[in-house]
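Peer 1: Sequence:
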Amino acid sequence: MINIPKPGTVRFIGIVEDAGEPSRIRIFPECCDGLQHLHRFSHVIILYWLHLRDNEEERSVLQVAPRRHPGAPQVGVFA
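Using the numbering used here, the first residue of the sequence shown is number 1, and each one after it goes up by one.
Incorrect hints may appear among the rest.
In silico DMTMM-like pairs for lysine to aspartate or glutamate, Cα to Cα no more than 25 Å straight-line [unchecked claim]:
hint, residue 1, residue 2
1, K6, E56
2, K6, D54
3, K6, E58
4, K6, E57
Label pairs and their computed distance ranges (CB to CB) [to be verified]:
hint, residue 1, residue 2, range
5, Q74, I46, 20 to 28 Å
6, P29, P66, 31 to 39 Å
7, A19, H69, 18 to 26 Å
8, I45, R67, 36 to 44 Å
9, G76, I25, 19 to 27 Å
10, R11, Q36, 15 to 23 Å
11, R24, L52, 30 to 38 Å
12, V77, I15, 19 to 27 Å
13, P29, R67, 29 to 37 Å
14, G14, E58, 19 to 27 Å
15, R40, R67, 31 to 39 Å
16, R53, I25, 27 to 35 Å
17, V64, V44, 32 to 40 Å
18, P29, P73, 28 to 36 Å
Hint data in this document are derived by calculation from the structure and do not stem from the laboratory. Virtual Cβ for every residue (Gly too), placed ideally from N, Cα, C.
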């Protein structure tokens, strides 16, 4: 079990509108000003929360084997 000293808060700024491919992210209107000039960048980093897998057991996992690559070695979840 990981002992994280202080609780944190996640503030969601949007939702995934369609679970199909490609998915679409809808940003809440009150957060849209934060997208100004986004088109000037080549990449966007999307952080997401797997809310249906949010439990103590899942949160303690730090290494996984990639599902799409059978036989691949385990890697850290931040790799």
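Peer 1: Look at each hint and say if it fits the structure.
Peer 2: Structure-based check of each hint:
The hinted pair formed by K6 and E56 meets the criterion: a straight-line CA distance of about 16 Å does not exceed 25 Å. About 18 Å separates the Cα atoms of K6 and D54, which keeps this hinted pair within 25 Å; it holds. Under the criterion of a C-alpha separation no larger than 25 Å, the hint pairing K6 with E58 is consistent with the structure, at around 19 Å. The hinted pair formed by K6 and E57 meets the criterion: a straight-line CA distance of about 19 Å does not exceed 25 Å.
Between Q74 and I46 the C-beta distance comes to about 24 Å, which sits within the given range of 20 to 28 Å. Separation of P29 from P66 is about 37 Å and conforms to the stated range, judged on CB atoms against 31 to 39 Å. Between A19 and H69, the C-beta spacing of about 23 Å keeps the proposed range 18 to 26 Å intact. I45 and R67 have their C-beta atoms about 22 Å apart, which leaves the hinted 36 to 44 Å range violated.
For G76 and I25, the hinted distance range of 19 to 27 Å is satisfied, since their beta carbons lie about 26 Å from each other. Between R11 and Q36 the beta carbons are some 19 Å apart, a value that agrees with the proposed interval 15 to 23 Å. At about 19 Å, the CB distance of R24 to L52 disagrees with the hint of 30 to 38 Å. Restraint check, V77 to I15: a C-beta distance of roughly 23 Å satisfies the suggested window 19 to 27 Å.
Roughly 36 Å separates the CB atoms of P29 and R67, a value that falls within the hinted 29 to 37 Å. Taking the beta carbon of each, G14 and E58 are about 23 Å apart, inside 19 to 27 Å as hinted. For R40 and R67, the Cβ-Cβ distance of about 35 Å falls inside the hinted range of 31 to 39 Å, so the restraint holds. For the hinted restraint 27 to 35 Å between R53 and I25, the CB-CB distance of approximately 19 Å leaves it violated.
Separation of V64 from V44 is about 24 Å and departs from the stated range, judged on CB atoms against 32 to 40 Å. The beta-carbon spacing between P29 and P73, approximately 44 Å, falls outside the hinted interval of 28 to 36 Å.
Of the numbered hints stated above, those contradicted by the structure are hints 8, 11, 16, 17 and 18, listed in ascending order.
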